[in-house]
Amino acid sequence: MLIIKNLKASVEGKEILKGVNLEIKAGEVHAIMGPNGSGKSTLAAVLAGNQNYEVLAGEVTLDGNNLLEKTPEDRAREGVFLAFQYPVEIPGVSNINFLRTAMNEIRTYRNLPPMESKEFLKLVKEKQKLVEFDAALTNRSLNEGFSGGEKKRNEIFQLAMLDPKLAILDETDSGLDIDALRIVSNGVNKLRTEKNAFIIITHYQRLLDYIVPDFVHVLYNGQIVKTGGKELALELEEKGYDWLKEASKETELV
Amino acid sequence: MNNNNEILERLTTEVYEYGFVTDIEMDIAPNGLNEETVRFISAKKNEPGWLLEWRLKGLRQFQQGEMPNWQNFEMPAIDFQGISYYAAPSKKAKYNSLDEVDPELLATFEKLGIPLNEQKALSGVAVDVVFDSVSVATTFREKLQELGIIFCSFSDAVKEHPDLVKKYLGSVVPYTDNVFASLNAAVVSDGSFAYIPKGVRCPMELSTYFRINAKNTGQFERTLIIADEGSYVSYLEGCTAPMRDENQLHAAVVELIALDNAEIKYSTVQNWYPGDKDGKGGIFNFVTKRGICKGVNSKISWTQVETGSAITWKYPSVILRGDNSTGEFYSVALTKNKQIADTGTKMFHIGKNTRSRIISKGISAGQGNNSYRGLVQVGIGAENARNFTQCDSLLIGDECGAHTFPYIESKNSSAIVEHEATTSKIGEDQIFYLNQRGIATEKAVALIVNGYAKEVLNQLPMEFAVEAQKLLAISLEGSVG
Ligand SMILES: Nc1ncnc2c1ncn2[C@@H]1O[C@H](COP(=O)(O)OP(=O)(O)OP(=O)(O)O)[C@@H](O)[C@H]1O
Ligand SMILES: [Mg+2]
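Chains A and B are the protein sequences, given in the same order. Per my numbering, the very first residue in the first sequence carries number 1; after that it's consecutive. Per my numbering, the very first residue in the second sequence carries number 1001; after that it's consecutive.
Everything labelled a hint here was simulated from the structure, so no lab data went into it. Source: prediction; values computed, not measured. Errors might be hidden in some of the hints.
Cut-off 16 Å, straight-line C-alpha distance, at most; resulting in silico cross-link-like pairs (EDC-like, lysine to aspartate or glutamate) [unchecked claim]:
no., chain 1, residue 1, chain 2, residue 2
1, B, LYS1167, B, GLU1246
2, B, LYS1443, A, GLU144
3, B, LYS1425, A, ASP74
4, B, LYS1277, B, ASP1079
5, B, LYS1454, A, GLU23
6, A, LYS165, A, GLU23
Going by beta-carbon spacing under 8 Å, a handful of chain A positions derived as facing chain B [claimed, not checked]:
no., residue
7, ALA76
8, ARG77
9, PHE84
10, LEU191
According to the in silico footprint, chain A covers these stretches of chain B (three or more CB under 8 Å from chain A) [as the list claims (entries may be wrong)]:
no., region
11, 1231-1244
12, 1465-1471
In this text, a Cβ means the ideal position worked out from N, Cα and C, and glycines have one as well.
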């Protein structure tokens, strides 16, 4: 589904991604871990098309289509969803109106008619239940005054509503209490299908107990320096990143 | 970043949708302003002598008057002798029934979304339409009459209800008030009049639609609304004009009178031609609007959405004379390209326990310049007066300006006057967030702006809130980044 080849990107003239290679197939869940500042959010931002980041080299295709030449909104309409590490607040814009606008924009792009109000509200109810999202939050202004955890849960609610092909969760687990973590994970598990894929960026093995990944990658200094199965996360939890840093230095020297 | 700026640029330079011209035979007074002009207009309208006298006093005042100099922009030179002060469709000044209205005019208003045919009209809205200098039709007059409500053109009111007009005309905005009010008194050609009798709740929205069409004219209308004891009325005005390279002057006066326990809600959606992206052309909108809460427990509420005009200079105000009376001012003013808005309100607290609330939301894009100017005055006798002012500015891009000039004069120590102000920018991160959900930048900005203005838009009658939202979005098309 998603193929990333030798992706290099910079921000403010500083190269952050230094040749990322990754292939994700439909139905898979990939976890990306790595120390602070290694470039995980940068990778997510570049995939989503944030224009503050400049792509220096490489290719990204989604189902064979060149993603890098598309606008952020077209990437979203093609089915890329980013659950932000820091969701922004938009005062006065009701959550539900925003979602309806988003959904209809995406549908229009796919040559579908706008969704009927009744159908839309039915879907809202259904997805609220699925990800156990508080109905009161649905009617409030988008993230305005939401607690950190509520914002994260709103990202998952939006994910459920928009039903993307590829969902990228950037540290959705951080800031969630234990119950919320379980609820969010259950939600994600329910949303997993043979047709979609997930990239889960996290620092904690704990989340991966709930959402079991097919692959775990370590991003370090702008490159994926190690890839393994779910047991790699356990190993990282135990050993930290230092042994990988050493290993990557060695490869650089070679 | 660059990309966003381009989109912004495009958004703020979008063309004006209502800029067409109606080709129709007109009766136009020669350019110039003098006693003869005033007599000409008065004679055209077959007016009583007292009204002509009042006009002439206005003219003399205007001739001595000086242009205001305190506003936050340079006053353009207006050639008052180069304008025609009367332009009316020549077939007939007033039509007895819609069948007599020139089809070209009917088509014009259809195109503007104001069908004059009562069957087609919004059922809850009665409209008076003013085309250049005259009112051409008023819908639902009979229906309103059954309740004793008078809703007609200003000219008809002078003929049919001279006592009411004589009693209240100039009582809130005298011809001496300011130079534009003097000018208006001298050359007023038409406008709307409403009287709501005691205890009656007006069952529909009353509205006036103003259209400037003719070249080289100005529009000088007068609106007078009287809410008798215990009555309620919600009134809305809208306006548009063709795109022309020359500036055109609009100098209207609105007077509202609320007696004991009465309430008037006055809403404006102002969309005069704003000029082109280089600041060429556009309406000079110099308007004086004031209401008096004359009776106890009365209430006057102004809501305005100002998106048009090259220059907007207006301060809808409330004189809170009656004890326990309330004045409100809700405003969204949007400036883009080279537009200028200097707008706000004045609240004069005179009676005891008077309350006022001011919510102003400025939006500046392109090289637009937006100033909020407000005065809260508390008189010696205004025991326990309360004012709350919230004054927000939203900036789009970095070439625009936002300023606030809040003045407070309190002579009563029991008064509480609160003022809050914020300035914010539309964040790139907000736009990106919405982009990431499939919403393109133009729509994203419209959403953010409408969210920002929501508290004011919510004050509009439902039929118009959606229109105003669209208008804000359209006005910003071409201007966001
Ligand atoms: N807009 C920006 N301007 C300047 N530097 C930036 C910007 N965005 C990211 N960076 C830098 O790029 C590097 C990678 O940041 P990124 O946010 O991708 O890290 P991360 O792996 O997500 O870290 P964390 O685990 O702390 O979330 C950091 O050094 C960061 O300071
Ligand atoms: Mg990060």
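Here's how the hints hold up against the structure:
1. B/LYS1167 / B/GLU1246: 38 Å, violated
2. B/LYS1443 / A/GLU144: The hint is violated at about 20 Å.
3. B/LYS1425 / A/ASP74: Distance ~25 Å between B/LYS1425 and A/ASP74 Cα, so the pair is violated.
4. B/LYS1277 / B/ASP1079: Judged against 16 Å, a Cα distance of about 23 Å means the pair is violated.
5. B/LYS1454 / A/GLU23: Status violated; Cα separation ~45 Å.
6. A/LYS165 / A/GLU23: Holds, at about 14 Å.
7. ALA76: This hint holds: A/ALA76 lies near chain B, its Cβ roughly 4 Å from the closest one there, short of 8 Å.
8. ARG77: For A/ARG77, the interface hint holds, since the closest Cβ of chain B sits about 5 Å away, which is under 8 Å.
9. PHE84: 7 Å, holds
10. LEU191: 16 Å, violated
11. 1231-1244: Check failed, 0 qualifying residues.
12. 1465-1471: violated (count 0)
The structure shown violates the earlier hints numbered 1, 2, 3, 4, 5, 10, 11 and 12.
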